[in-house]
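Protein chains: 2
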Amino acid sequence: MEKIRPRTLSGFLELPPEQQVLMDKMTAVLRETYARYGFTPLDTPAIEASEVLLAKGGGETEKQIYRFQKGDSDLALRFDLTVPLAKYVAANYGQLTFPFRRYQIGKVWRGERAQRGRFREFYQADIDVIGDGALDILNEAEIPAIIDQTFTRLGLKKFRIRVNNRKILNGFFAMLGLSDQAGDVLRTIDKLDKIGSDQVRALLLAECGAAPEQADEILRFITAGGTSGQKLDVLAQYQGRNETFDLGLSELRAVVEYLPAFGVPEEHFEIDLTIARGLDYYTGTVYETVMTEHPEVGSVCSGGRYDDLAEYYTNKKLPGVGISIGLTRLFYVLQEQKMLSDTLLTAPADVLVLPMTEDLSAAIALATRLRAAGLRVQLYGEKKKFKAKLAYADRLGIPFVLFLGEDELRAGMCSVKDMATGAQQTLSAAEAEALLTAAVAERNAGSVIEDS
Amino acid sequence: MEKIRPRTLSGFLELPPEQQVLMDKMTAVLRETYARYGFTPLDTPAIEASEVLLAKGGGETEKQIYRFQKGDSDLALRFDLTVPLAKYVAANYGQLTFPFRRYQIGKVWRGERAQRGRFREFYQADIDVIGDGALDILNEAEIPAIIDQTFTRLGLKKFRIRVNNRKILNGFFAMLGLSDQAGDVLRTIDKLDKIGSDQVRALLLAECGAAPEQADEILRFITAGGTSGQKLDVLAQYQGRNETFDLGLSELRAVVEYLPAFGVPEEHFEIDLTIARGLDYYTGTVYETVMTEHPEVGSVCSGGRYDDLAEYYTNKKLPGVGISIGLTRLFYVLQEQKMLSDTLLTAPADVLVLPMTEDLSAAIALATRLRAAGLRVQLYGEKKKFKAKLAYADRLGIPFVLFLGEDELRAGMCSVKDMATGAQQTLSAAEAEALLTAAVAERNAGSVIEDS
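If you read the sequences in order, they're chains L and F. Heads up, the first sequence is in the numbering used here, so the first residue is 1 and it goes up one at a time. Heads up, the second sequence is in the numbering used here, so the first residue is 1 and it goes up one at a time.
Possibly wrong hints are sitting among the right ones.
If chains are identical, the list can't say which one is meant, so a pair holds when it fits in one copy or spans any two.
[Unchecked claim] DSSO-like mimics (lysine-lysine), calculated; alpha carbons at most 30 angstroms apart, straight line:
#1 K194 / K63
#2 K316 / K387
#3 K25 / K389
#4 K384 / K417
#5 K63 / K387
#6 K338 / K3
Just so you know, the hints here were simulated from the structure itself, not pulled from any lab data. Every value quoted in this text rests on a predicted model; they were computed, and no experiment measured them.
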């Protein structure tokens, strides 16, 4: 028979077992953290009507989307988790209780140009809080705590949550009489990190139509340094000149004010007046999260406050705040940076039980007992030499091998071999269970990310 | 602006939040149970090259598959988890260690005719053990234990794992000289439950070309009653007449023999000589699982032993054994039968914290503390009347509300309201934490399925 070459499409990540375990642990941390902040899981279909997914329409998305006909239906794969959320909330408005807090971790698809570190199928992990007509600033103030907890529990240490408020920027540009050029100005100041102050100033003059004194004022504003408190003091000097600005400043103050109560360490937080997160969507607080020693990676968790989640589907005003983690890309980056744990247990089992007698009952009963105690146990029944059986455990990184020969059986004991040290001891089932449970708990205690 | 109607495609399940929580709990039980038996998680892409997915080709699958062009690529959505596993094992043969034990829980897509209880997008939960050239019978003997643990931990009580061995059937038909008609005979005896012995006999004569004494022999064979031991005794009477039969019988004996050591209760297990699970694929032990009080549902977990996982991709002989749960359909059936728990906590939070003062710091700090203790906490900041805030907790089923007014703050206490009883008490933060932790643990202790 002619064989078909078994292959995985390029741009589609398929992890080997030991890495998949780390990916699953990462996902578990996200689920648990999001749940602690009162978010409920949502699972929307991968396929939607194209008309629904593309309600907003527009350029890049439409080109990248996987769209196809099935029977009479024009269908497409979701390209993010925000549009499905908007659809869901609009469709179920009457049944939902607001504020509606949901998390969703799921795959999305974009037919981008294949490129190293770019994926056509990838996981996003999103949380959003949706209000019905209004949404209190407390929800915006809580987001840095969620980001901080998420990354801290993953094991990341050197990261910073950068926060800005779009009302501050919009109000400030209005003060300068630059509202019409706001988009151009935003795009320009966003480059500050990359091209520096002088270049930004030149672009403000040349491309944004700013006068020299306006450009200077903008640079003074966005480069204000110091602690969050000092930055708020600088901002306070502009207070009273524009209503939108004042509102944005009071919102930013609320976010900063409650950081200690939310348990966010000062070094994980920063006001950054240059960030805007796109031009149309966000209207209040905006968030980015950077790995401080890997700025080249860009933001690993971003989002913000928006005023109208579902305007393409409903007249109901549904303001919200949300953040998104590009999980597949984050995992890829961590792997590239060698920041994924190499001490966590990623073997398919904690223990390999090797029966050494014809009758397997005693070995099976021991495995059954250890499983009931919560241990992950493989029973090895293949007809191989003893050495090959040990090699199996070794190759898979299974930390302990238990064997039950005639001697052990007669004595009601089992032999426990620690594969790391080679040490072997003969124990009762109860002793083995206690030893293994403790050793495995220790091996599982670390975090997915190692950020020394 | 004209609105697009927000809708979800028919045949695509999108659960409301409280049901999604139960679905997630179900998935968590499967993951944990599979892990205890030493299976490692695998996550393959939703999209594969059509050529790869359709390597086996053939009728129904090809008609139902979601297939589309993207650029120059002929792509399709996976329609099961077995083909992706075969691809994965064949493609990564050199890197994998055998026996390779993997579980995968993921969505698959089939464009079936829309029908109540039929889904076009649904979760499958599969486990498989793949050997390299050979695979010991111990792996087949272990499967009933995994099925038993899975459903028991989900809360199902009244179920039975039905087991047969294809070698027994094939050997038996060979003894009768009916090997050429084996397919027809299998299809006919599979109807025993539905149409009864007389009808089966008539069909064996009319459609399978069996002589009257052959038909009688078949019926005697497949209707043998009694315990597993008694059925094995009946089978023993045929021993020595056909090698395949004898091998099948010794395999079935091994499966039955080790049930007690694996902890499978007798009432959850049954030898059923009528089950075959299709004609081509399975070659040894086959499994079905029925809810004994809902036989109309059919099998909720099926599978078996096969000789050649990946013959379309590789010349390597990769025998295996696996089972699959149609998770979405199972969830749908449980819901229809009102067997899903209505006592488990499905609210988005365990506690709603209501700040009652201008400064939110104390309320936030309390929420932070409770979250650190593992509780799921929502902070409610919306400007609403007190009654509306309580109604929010009530509608979502959040079991406890904590409020912090001036009096409580001064006393360093908080008021805890049990929403079920209406009882309210003033406690210190430590007392509240202890009370809530215990109450929530109790509410989470039940199982997803209630099978009285």
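Status of each hint after checking the structure:
Taking the shortest Cα distances, K194 and K63 sit within 30 angstroms of each other inside one copy (29 angstroms), while across copies they are farther apart (53 angstroms). Taking CA atoms no more than 30 angstroms apart as the test, K316 paired with K387 passes between copies only; the shortest distance there is 24 angstroms, against 69 angstroms inside one copy. Proximity of K25 to K389 under the C-alpha cut-off of 30 angstroms is restricted to the intra-copy arrangement: shortest distance 28 angstroms within a copy versus 36 angstroms between copies. For the homomeric pair K384 and K417, the shortest alpha-carbon distance inside one copy (18 angstroms) is at most 30 angstroms, but the shortest distance between copies (63 angstroms) is not.
Proximity of K63 and K387 under a CA criterion of 30 angstroms is satisfied in neither setting, with 56 angstroms inside one chain copy and 49 angstroms between copies. In this assembly of identical chains, K338 and K3 lie within 30 angstroms of each other by CA distance neither inside one copy nor across copies; the values are 37 angstroms within and 48 angstroms between.
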